[in-house]
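Student: Sequence:
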Amino acid sequence: MSEHNHVVNKEGQTALGRVDAALDRMDDKAKDEILESFDTFKKYLGLRVELAENIGLSEETMAKAAERIGNYLAAKEEPRNREEKLLQELWKAGNSEQQHALAHMLVGLAQNARENK
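So the sequence shown is numbered by the UniProt record's numbering: it starts at 1 and just counts up by one.
Calculated from the structure, these hints are not laboratory results.
Treat the hints loosely; a few may be bogus.
[Claimed, not checked] Pairs of lysine to aspartate or glutamate residues, derived as DMTMM-like cross-links and limited to a Cα-Cα distance of at most 25 Å, are as follows: (1) K29 <-> E50; (2) K29 <-> E97; (3) K92 <-> E60; (4) K85 <-> E97; (5) K29 <-> E77; (6) K29 <-> E59; (7) K43 <-> E89; (8) K43 <-> D28; (9) K29 <-> E60; (10) K92 <-> E115; (11) K42 <-> E77; (12) K76 <-> D24.
Predicted model only: the values in this text are computed from it and were never measured.
With the hints as constraints, model all of the structure from the sequences given.
Tutor: Rendered as structure tokens:
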């Protein structure tokens, strides 16, 4: 796949507008595996946060990406467990500022999950 389809290029520049398209390209089996349990979801997020940190993305950029992902999941995916249902309800109840704060918290959750392996 060419680099113009990716959210982050080799130089670490982000194109957050491509998040939805990247998620749409993910096959249903892969989504199911990631979302089947909250622990799996946290591990997946932890790996993505680690990759983002390794290429030098700021926490703010990661939170903006998490916001895009949160919007996508709230609109297009059914929660597969209680934790995801709670996150979806919190997401939908919040305004954009609250969603941004929750996105920061999810980045922190992913960092903590990675550190506590």
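Student: Determine for every hint whether it applies to the structure shown.
Tutor: Evaluation of the provided hints:
no., hint, verdict
1, K29 <-> E50, "23 Å, holds"
2, K29 <-> E97, "32 Å, violated"
3, K92 <-> E60, "21 Å, holds"
4, K85 <-> E97, "20 Å, holds"
5, K29 <-> E77, "13 Å, holds"
6, K29 <-> E59, "29 Å, violated"
7, K43 <-> E89, "22 Å, holds"
8, K43 <-> D28, "18 Å, holds"
9, K29 <-> E60, "30 Å, violated"
10, K92 <-> E115, "29 Å, violated"
11, K42 <-> E77, "17 Å, holds"
12, K76 <-> D24, "10 Å, holds"
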